[in-house]
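A.B. asks: Sequence:
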Amino acid sequence: MKLINKYYNILKYIVFISSLIVYGLPNYIIADVQNDIRNDMSGTDSSTIQEPEPQYIPEQEADSITDTVPDIEPPAPQVIEGAGQTIQVDRIEFTGSTVFSQEQLQAEAKSFTGQALDSADLEELRYRLTRRYVENGYINSGAIIKGYDPKTKVLHIHLKEGSIKDIRVDTQGLLNPEYVRGRLRIYSKAPFHLPTMQERFLLLLDDPAIKTINGGIAPSTVPGEAILETQVLSNDPFSLIFTFDNRGAVSSGEKQGSVHAILRNLSGWGEEVTFVFKSNEDNRYGLVALNTPINYYDTRLHISYQRSTMAVVQEPLDILDIKGDYRAYNLGLTHPLIHTLKRSVLLGVNVGHKTNTTWLQGDPICFSQGCDDATGTSSISIVALTQRWTERSYKYVYTLNSVVTIGVDAFGTTQYDISNPGVNSQFASWLLQQSYARQWYNRRLQFIGRLDMQFADSPLPALQQTAVGGATSVRGYRENALIRDQVILGSVELRYGLLRPAAQAKYGNLQGAVFSDFAQAWNKDSRPAIRSQSVHSIGLGILWSWKDAVSAQVYWGHQLKSLHTKKGGSWQEDGIHASVQVVY
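Following the working numbering, the numbering of the sequence shown begins with 19 at its first residue and continues without gaps.
There may be inaccurate statements among the hints.
[As the list claims (entries may be wrong)] With a Cα cut of at most 27 Å, we get these calculated DSSO-like pairs of lysine-lysine:
| no. | residue 1 | residue 2 |
| --- | --- | --- |
| 1 | Lys183 | Lys164 |
| 2 | Lys207 | Lys183 |
| 3 | Lys229 | Lys524 |
[Said to hold, decoys possible] Simulated restraints, written as ranges between beta carbons of each label pair:
| no. | residue 1 | residue 2 | range |
| --- | --- | --- | --- |
| 4 | Trp458 | Glu247 | 34 to 44 Å |
| 5 | Gly114 | Pro213 | 19 to 29 Å |
| 6 | Glu299 | Leu223 | 33 to 43 Å |
| 7 | Thr131 | Leu251 | 49 to 59 Å |
| 8 | Asp188 | Glu299 | 47 to 57 Å |
| 9 | Lys229 | Glu299 | 33 to 43 Å |
| 10 | Ala428 | Leu251 | 42 to 52 Å |
| 11 | Ile312 | Ser238 | 29 to 39 Å |
| 12 | Leu251 | Phe295 | 27 to 37 Å |
| 13 | Thr131 | Ile312 | 45 to 55 Å |
| 14 | Asp224 | Lys169 | 53 to 63 Å |
| 15 | Gly114 | Ser137 | 48 to 58 Å |
Hints were generated in silico from the structure; no laboratory data involved. Every residue, glycine too, gets a C-beta built ideally from N, C-alpha and C.
Build out the structure end to end from the sequences listed, making use of the hints.
C.D. replies: Here's what the structure looks like:
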């Protein structure tokens with residue numbers, strides 16, 4: 019019997035190899051080899067089309083940034099020596115104001131011009147001007163009557179615009195007080211605006227290094243100056259995230275587990291170091307990344323290294339002993355041009371190098387164009403320019419993300435020749451992503467929509483192509499079902515909370531979902547056997563989360579257009595995408 023099985027396996031191998039010679043590898047297998055090892059956690063990799071969960075402003079925070087008027091009394095009236103009981107004021111001159119124009123100030127003082135004023139009138143004028151500042155959030159700014167010229171009958175008023183004299187920071191944990199002080203100092207210069215400082219406090223709560231922050235304004239001995247007192251609790255320096263899902267490529271093992279370890283703020287200056295390890299059967303993925311601010315304006319430096327090894331384990335392809343090794347290096351900077359609670363505009367530049375090597379039966383092999391046949395290696399170097407615009411409230415979030423990627427001939431990129439028609443390491447591609455989310459009925463009903471597009475000026479190397487299919491793009495299809503130069507992808511999803519708020523506090527947030535996903539993918543040229551194709555699915559999902567510590571989701575998608583790939587044998591091929599995550 020063993021002899022029969024041996025010859026049967028040999029015969030199966032011969033027949034399968036013969037079919038490969040005639041028909042080639044299935045396209046989704048090529049996509050798995052080229053794409054699975056780089057497509058899940060690349061971070062700065064623009065060829066990954068995926069969008070995070072919408073980040074709404076918490077309702078209590080949205081309400082807190084309104085321009086409320088503190089209950090502050092104006093300063094005591096100034097005494098004008100030698101003015102007698104009344105003075106004739108024909109004109110008022112203002113100095114020192116950067117908040118209000120001369121026209122606005124003259125309009126405020128119009129009823130006091132051209133008549134005799136006594137001390138009570140002067141007090142009322144100064145009170146109104148000071149109140150104008152206070153009502154607009156400038157709580158330690160106000161008017162000072164500097165003097166009166168009896169010859170010209172001109173009243174001189176100086177607008178003293180307040181500032182923060184000192185920022186006192188009390189920190190608990192590893193955070194350096196100067197880290198917080200420097201960020202608050204930017205918004206404490208004259209004229210000091212309380213709502214802006216309140217909003218800055220709320221923005222600091224989004225900083226991974228900060229867990230809580232509280233503050234108050236204390237008076238100073240100098241008029242127009244105040245002291246900002248702040249108490250900050252540092253975030254936990256260590257976090258662990260455990261994830262289990264079936265988002266791996268079917269050919270190399272879909273079920274996978276991963277561990278994220280995050281070290282933050284060990285130096286006290288807000289840096290974050292991330293370690294990721296992911297494994298599924300014979301495949302391993304690792305990532306080391308550093309994200310650190312380099313100034314008080316939140317300009318950030320990003321450095322990362324990734325490595326992944328894979329092996330095809332799906333029958334009958336497992337007998338071919340197909341293996342791959344992928345590595346990526348990235349160096350980037352991001353800077354917020356606008357950073358408020360409701361709006362942000364972020365610019366970034368990233369320099370990266372990617373290399374991928376594949377083997378068949380231990381010998382180097384190329385599964386796509388733009389690869390060195392002798393070594394089975396393809397390498398590209400890129401410069402990516404990123405622009406991200408976000409508008410949000412406690413009801414909606416809109417994000418527009420643009421990434422222009424340019425391939426450059428540097429750092430040992432694969433040298434292409436005329437035998438590779440059109441494929442070149444010098445290329446340009448544009449990824450445009452839009453997403454919109456909105457919630458109603460006390461956050462129980464939520465709509466999520468997205469539209470992603472990638473276009474290229476020429477045929478792209480496989481390392482820069484976009485994969486379509488799977489949990490983060492078109493559900494109901496296997497991961498990497500299509501891989502192309504250009505893609506248009508759309509998705510709409512409606513979620514509804516199945517538990518009332520009182521039950522959510524006890525059992526967590528349970529949501530049901532319906533969705534529809536669509537994608538059209540095509541190449542820039544007409545490469546043989548690779549044509550424009552579309553995928554379309556509809557389906558259902560259920561999501562559960564509890565206290566930001568545990569979350570799980572299961573989606574089932576039904577293919578409305580078949581790709582004629584193998585059905586059954588895996589969750590993905592049955593349209594099921596599931597994941598469980600635990601945060602410690």
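A.B. asks: For every hint, state whether the structure bears it out.
C.D. replies: Verification of the supplied hints:
no.	hint	result
1	Lys183 x Lys164	holds (23 Å)
2	Lys207 x Lys183	holds (9 Å)
3	Lys229 x Lys524	holds (24 Å)
4	Trp458 x Glu247: 34 to 44 Å	holds (40 Å)
5	Gly114 x Pro213: 19 to 29 Å	holds (21 Å)
6	Glu299 x Leu223: 33 to 43 Å	holds (41 Å)
7	Thr131 x Leu251: 49 to 59 Å	holds (53 Å)
8	Asp188 x Glu299: 47 to 57 Å	holds (51 Å)
9	Lys229 x Glu299: 33 to 43 Å	holds (39 Å)
10	Ala428 x Leu251: 42 to 52 Å	holds (45 Å)
11	Ile312 x Ser238: 29 to 39 Å	holds (32 Å)
12	Leu251 x Phe295: 27 to 37 Å	holds (30 Å)
13	Thr131 x Ile312: 45 to 55 Å	holds (53 Å)
14	Asp224 x Lys169: 53 to 63 Å	holds (58 Å)
15	Gly114 x Ser137: 48 to 58 Å	violated (22 Å)
Going down the numbered hints, you'll see the structure goes against just number 15.
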